[in-house]
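What follows is the residue order along each chain.
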Amino acid sequence: MKKEWEGFNTGKWENEIGIDNFIALNYKQYEGDAEFLAGPTERTKECNEVVKDLLIQERKNGGTLKVDASKIMRINSFEPGYIVSGKDIIVGLQTDEPLKRGLCPFGGIKMVRQEVEEFGVELNPDVDKAFEHLTSHNDGVFKAYSRAMKDVRHFGFITGLPDAYGRGRIIGDYRRTALYGIDQLIEWKKQDHEEISSRSIMNEENIRLAEEITNQIVALKEIKKMAQSYGYDISKPAKDFKEAVQWVYFSYLAGIKEENGAAMSLGRTSTFLDVYAERDLANGNYSEEDLQEIMDDFILKLRVARHLRTSQYNELFGGDPMWITEGIGGIGSDGRHRVTKNSYRVLNTLYNLGAAPEPNLTVLWSKDLPENFKKFCSKVSIDTDSIQYENDDLMRPTCGGDYSIACCVSAIEMGEQMQFFGARCNLAKILTLALNGGIDEKSGAHLGPQMESVPDGKIDFEEAWRRYNIYLAWLCELYVNIMNIIHFMHDKYDYERSQMAFLNSEIGRLMAFGVAGLSVAADSLSAIKHADVYPIRNEDGLIVDYRIEGDFPKYGNDDDRADQFAVDITKRTIEELRKHPTYRNAKHTLSVLTITSNVMYGKKTGNTPDGRRSGEAFAPGANPMHERDSNGAVASLNSVSKVVWENCQDGVSNTFSITPDTLGKSEEEQTDTLVKLLSGYFGQGAHHLNVNVLNKELLEDAYENPDKYPSLTIRVSGYAVRFNSLSKEHQKEVIARTFHGRV
Amino acid sequence: MKGKIHSIETFGSVDGPGIRTVFFMQGCPARCLYCHNPDSWSLSQGIAVTSEELVNRAKRGKSYYGDDGGVTFSGGEPLLQGEFLIATMKKLKMEGIKSAIDTSGTYYDENTFDVIKESDLVLLDIKHTEADKFAEITACAQENLFKVIDDIKELKKPVWIRQVIIPGINDSEEYIEKLNDFIADLNTVNKVELLGYHKMAIDKYNKLDMEYRLKDTPAMEKDRMEELRTLIKVPKRKVKVAV
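These protein sequence lines are chains A and B, in that order. Just so you know, we're using our numbering here: the first sequence kicks off at 143 and counts up by one. Just so you know, we're using our numbering here: the second sequence kicks off at 3 and counts up by one.
Worth flagging that the hints you see were computed from the coordinates, not collected in a lab. Please read these numbers as outputs of a predicted model, since none were measured by experiment. Watch out, some of these pointers could steer you wrong.
Taking lysine to aspartate or glutamate pairs in the DMTMM-like style, the calculated list, with each CA pair at most 20 Å apart, reads [to be verified]:
#  : chain 1 : residue 1 : chain 2 : residue 2
1  : B       : Lys-193   : A       : Glu-811
2  : A       : Lys-807   : B       : Asp-205
3  : B       : Lys-224   : A       : Glu-173
4  : A       : Lys-229   : A       : Glu-259
5  : A       : Lys-600   : A       : Asp-693
6  : B       : Lys-224   : A       : Asp-803
7  : B       : Lys-206   : A       : Asp-702
8  : A       : Lys-208   : A       : Glu-148
9  : B       : Lys-193   : A       : Glu-809
10 : A       : Lys-378   : A       : Glu-148
11 : B       : Lys-64    : A       : Asp-701
12 : B       : Lys-64    : A       : Glu-148
13 : B       : Lys-193   : A       : Asp-803
14 : A       : Lys-807   : B       : Glu-195
15 : B       : Lys-61    : A       : Asp-702
16 : A       : Lys-838   : B       : Asp-205
17 : B       : Lys-209   : A       : Glu-809
18 : B       : Lys-61    : A       : Asp-701
19 : B       : Lys-206   : A       : Glu-839
20 : B       : Lys-224   : A       : Glu-811
21 : B       : Lys-64    : A       : Glu-259
22 : A       : Lys-807   : B       : Asp-17
One side of the interface only, derived from the structure: several residues of chain B facing chain A at Cβ under 8 Å [claimed, not checked]:
#  : residue
23 : His-8
24 : Ile-10
25 : Phe-13
26 : Ser-15
27 : Ile-21
28 : Arg-62
29 : Gly-63
30 : Tyr-66
31 : Gly-71
32 : Ala-143
33 : Pro-169
Computed beta-carbon distance windows for the label pairs [to be verified]:
#  : chain 1 : residue 1 : chain 2 : residue 2 : range
34 : A       : Asp-803   : B       : Leu-233   : 19 to 25 Å
35 : B       : Leu-233   : A       : Lys-713   : 27 to 33 Å
36 : B       : Ser-44    : A       : Glu-842   : 31 to 37 Å
37 : A       : Ser-772   : B       : Val-236   : 56 to 62 Å
38 : A       : Asp-803   : B       : Glu-176   : 24 to 30 Å
39 : B       : Ala-137   : A       : Ser-808   : 32 to 38 Å
40 : A       : Asp-803   : B       : Val-236   : 20 to 26 Å
C-beta atoms are modelled at their ideal positions from N, C-alpha and C, and glycine is treated no differently.
The task is simple: from the sequences and hints, build the whole structure.
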């Protein structure tokens, strides 16, 4: 046994990659409460103050503090950087200064040119010139797009496609470096390469794979060099907790240096790291205070990670998110919960460093989590509004005991799967297009199959549903083909060598499609079926509005007459998508998740048959429309829980805001009630919940007086943001959401 | 048979223990000065429902109730629809769902004893301990309240006492003493809740074009409420009670 492994229980993990096996054989469950946790040290407070000041400067500077436009950001482009030189415990920054942003042009040089121009710096002419000869992912995609593909993109039927920058959503299993050391990983990759390049048939897939593995090996060597520049040799396994954290962080850092993907998850590291923490506690190497300080410093590093973005990008994904998602808790495949003391420590950083949106701390909820831990999570939610919950009992049978969350809600098996991510299609706009027989209600442009618009008079439900299915089928075919092009080109021109190096060489792939406007589409169909809806035309005969006579059931009130539409539409969508083959045989998945793009989707959509006005924001994710869920929180949650996860395995996002008084009178009562609410919701088979416990008045005040609330953090849609970093438009939409309260 | 409801709150966390589905029943004999739901007074309004409909709605909350949650019949005055409540609570019991009634004791009829018998918990809103003040606040006589209390005693039914504290009316130490005396021989009390008067109902009165008679009365201050709460004496239990 290697000397770094002394004290660990032996197993299969020693001779082949087996992180899950290592954890299962070595971790120590923790059933106790939060009493053992340590507060911040003086050093932590000092470094945290430095970061707080930098964040204020960043906000005052319009959201971006500094940009280095002199070079392309690769693993070793920058000299080492520190938050406080000499005081950082966990070291490493993307560039040589905290919050300084670098260039990632391989996803799309156009976007980089725009970014530097918006910030007001000059792009190094050498970089600019190089791309006269190089092709970026974005260039490749547009070389292949058809007219119809460009149209659905342009008119807002599909928005947020990762075709202009990095696709993200890949999660390397960065724990591997800590357990095995980089040299062993390189050795295994070399073996894989030899096996694959020696196959009897060298087809396109095998050739590509062999080349990719070689690129991964180059990246691993560069990561080793990067660690050396900070004074660490990561060729061998980590010998203690601090090294394990540092090894994991270096490996993660390489990915966010090279790639500007929208979502760059960390994975599921805290319980793995606890194995080292327990060994060090037992040996007397580190005290509880030491361990917490290391975690605090690790999290502080993640909080200063940044990517250069355009204003257009920010309109879609507000709040400058990185989606450094970390999965906490859950149950292993052996049925034992994976809550450890380090699960508490990572949540405790929200107290030691203050509430913050990153990393995106995600509790993998199970009915079998220890009661103490459930209560602690509930308390953290009430105190910080910074964490989200996902149903481990729902995902585990499909994803196993060691998956993690890409971006906000998408489960991926650690080390064994990657995701081809891509945008969402506008379910509400498909309906208005269908009723108009293939003419866009906003622009008058002709798209898709052409037919007569629905006749005047009350719209017939059967006819509306028939048409809806025709246009849904049309859009889904285009959608799959667009995604195939995007991911083909991304593999070709912007391959994520430094992240893929931490995955198995042969992996499963998921292709993650998405929908937006689910509640608007469901309510619109419910209106057509249960009330009398008449088209209103403009002078050209285009239907631009609807007259609604009578009332109709609305999604969000636990009424099947409306909720069933949300279930049926998502089912129909995934069925249509599955009809079309995917690039690299990826498995089709679907999400109901909008990030903050619900505002943009709403802008691009005219009046809808549910009475929603043109331009009005959609509800986020799978949420009921604002204030239409009028029977209380449980009814609202129950409606969302009906959307079947098997049809939407990429996630069903629900963002829930409740006032503290509604949860109960005392802190203890509030904590208990929230535990019951989560238990009930997930017990119904629901997938995801963002929890905000706050008063609407607080947000209204923060809207008017941003300086009063520098660190106010809220959950929006699968992630958290600092309220101040949202545009005024996004802020208004958040305030307009349903707050479950009481008189 | 059909009952009449004013509205449903599927997430009640302050009207009884745990998470509760709250059915606000339509109709009330009282005309309390500070009533939150003046639109629940008239029996000619409201939504007609069957017991089955309410039970089905309540069943949708089962995974949230845990050990102590369930249904609360509030109002309006639920005792006004005694027969309907008895039928509904019996059906809820068959589904394993606990019921509470939230009453002000302003109404009593031949069904009331059985309503209390069927319930698992009574939330008893004491409007005022003195007859004349009680009448001033509710526009009802106090005698029905005593009948309700007698039934609770006879049935040994667990009870939560609730008392709204209004500035200038009952926000004194003396009043809390009187309240302690008033409930002293009610030995199934699990909890005494003092609720501070607030003014959030004003909007509703404006919308309904009704006069809000306490418009000059300020809301209770939180600190004063805490002071008064320390004076509460929960009566000693002479019998063991569940819930």
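Okay, the hints, checked on the actual structure:
Between Lys-193 (chain B) and Glu-811 (chain A), the direct Cα distance comes to roughly 14 Å. Compliance with the 20 Å bound is thereby established for this hinted pair. Our distance criterion of 20 Å between C-alpha atoms is broken by Lys-807 (chain A) and Asp-205 (chain B), whose separation comes to about 24 Å. Annotation: proposed proximity of Lys-224 (chain B) to Glu-173 (chain A) is violated, straight-line Cα distance about 37 Å (limit 20 Å). Taking the CA atoms of Lys-229 (chain A) and Glu-259 (chain A), the gap is about 35 Å. The hint is violated against a cut of 20 Å.
Between Lys-600 (chain A) and Asp-693 (chain A) the CA atoms are separated by roughly 14 Å; this keeps the pair inside 20 Å, and the hint holds. A hinted pair counts as satisfied when its Cα atoms are at most 20 Å apart, and Lys-224 (chain B) with Asp-803 (chain A) qualifies at roughly 13 Å. Among the hinted pairs, Lys-206 (chain B) with Asp-702 (chain A) is inconsistent with the structure: their alpha-carbon atoms are about 30 Å apart, more than 20 Å. Under the criterion of a C-alpha separation no larger than 20 Å, the hint pairing Lys-208 (chain A) with Glu-148 (chain A) is inconsistent with the structure, at around 45 Å.
The suggested pairing of Lys-193 (chain B) with Glu-809 (chain A) holds, with an alpha-carbon distance near 18 Å, which does not exceed 20 Å. A threshold of 20 Å between alpha carbons decides the hint, and for Lys-378 (chain A) with Glu-148 (chain A) the separation of about 14 Å falls inside it, so the pair holds. Between Lys-64 (chain B) and Asp-701 (chain A) the CA atoms are separated by roughly 16 Å; this keeps the pair inside 20 Å, and the hint holds. A threshold of 20 Å between alpha carbons decides the hint, and for Lys-64 (chain B) with Glu-148 (chain A) the separation of about 50 Å lies outside it, so the pair is violated.
With a C-alpha separation of about 19 Å, the suggested pairing of Lys-193 (chain B) with Asp-803 (chain A) holds against the 20 Å cut-off. Distance check on the hinted pair: Lys-807 (chain A) and Glu-195 (chain B) sit about 11 Å apart at the alpha-carbon level, within 20 Å; holds. Our distance criterion of 20 Å between C-alpha atoms is met by Lys-61 (chain B) and Asp-702 (chain A), whose separation comes to about 14 Å. For the suggested pair Lys-838 (chain A) and Asp-205 (chain B), the alpha carbons sit about 17 Å apart, so the restraint of at most 20 Å is met.
Our distance criterion of 20 Å between C-alpha atoms is broken by Lys-209 (chain B) and Glu-809 (chain A), whose separation comes to about 34 Å. Note on Lys-61 (chain B) and Asp-701 (chain A): the hinted pairing holds, with a Cα-Cα distance of about 13 Å set against a maximum of 20 Å. Proposed proximity of Lys-206 (chain B) and Glu-839 (chain A) is supported: the alpha carbons are some 19 Å apart, at most 20 Å. Distance restraint check for Lys-224 (chain B) and Glu-811 (chain A): the Cα-Cα separation of roughly 18 Å lies within the 20 Å cut-off, and the hinted pair is therefore satisfied.
Simply put, Lys-64 (chain B) and Glu-259 (chain A) have alpha-carbon atoms about 57 Å apart, too far for the 20 Å limit, and the pair is violated. Between Lys-807 (chain A) and Asp-17 (chain B), the direct Cα distance comes to roughly 11 Å. Compliance with the 20 Å bound is thereby established for this hinted pair. Against a cut-off of 8 Å between C-beta atoms, the interface hint on His-8 (chain B) is violated, since the closest Cβ of chain A lies about 13 Å away. Against a cut-off of 8 Å between C-beta atoms, the interface hint on Ile-10 (chain B) holds, since the closest Cβ of chain A lies about 5 Å away.
Interface restraint check for Phe-13 (chain B): the shortest CB-CB distance to chain A comes to about 4 Å, inside 8 Å, so the restraint holds. Given the 8 Å rule on beta carbons, the hint for Ser-15 (chain B) holds: about 5 Å separates it from the nearest Cβ of chain A. Interface hint status for Ile-21 (chain B): upheld, as the beta-carbon distance to the closest one in chain A is roughly 5 Å, under 8 Å. Contact between Arg-62 (chain B) and chain A, as hinted, is supported at the beta carbon level, the nearest pair being about 6 Å apart and thus within 8 Å.
About 5 Å separates the beta-carbon of Gly-63 (chain B) from the nearest beta-carbon of chain A, less than 8 Å, and the hint is met. At a threshold of 8 Å, the smallest CB-CB gap from Tyr-66 (chain B) to chain A is about 3 Å, leaving the interface hint in force. Taking 8 Å as the C-beta cut-off, the interface hint given for Gly-71 (chain B) holds, the closest approach to chain A being about 7 Å. Annotation: interface hint on Ala-143 (chain B) violated; nearest CB of chain A at approximately 28 Å, more than 8 Å.
Because the smallest distance between the Cβ of Pro-169 (chain B) and any Cβ of chain A comes to about 19 Å, over 8 Å, the interface hint for this residue is violated. The given range of 19 to 25 Å is respected by Asp-803 (chain A) and Leu-233 (chain B), whose C-beta atoms sit roughly 23 Å from each other. Distance hint check for Leu-233 (chain B) and Lys-713 (chain A): the Cβ-Cβ separation is about 59 Å, which falls outside the suggested range of 27 to 33 Å. Distance hint check: the CB atoms of Ser-44 (chain B) and Glu-842 (chain A) are about 35 Å apart, consistent with the given range 31 to 37 Å.
Range check, Ser-772 (chain A) to Val-236 (chain B): about 37 Å between beta-carbon atoms, so the 56 to 62 Å window is missed. Distance hint check for Asp-803 (chain A) and Glu-176 (chain B): the Cβ-Cβ separation is about 29 Å, which falls inside the suggested range of 24 to 30 Å. Between Ala-137 (chain B) and Ser-808 (chain A) the C-beta distance comes to about 34 Å, which sits within the given range of 32 to 38 Å. With their beta carbons about 23 Å apart, Asp-803 (chain A) and Val-236 (chain B) fall inside the hinted range of 20 to 26 Å.
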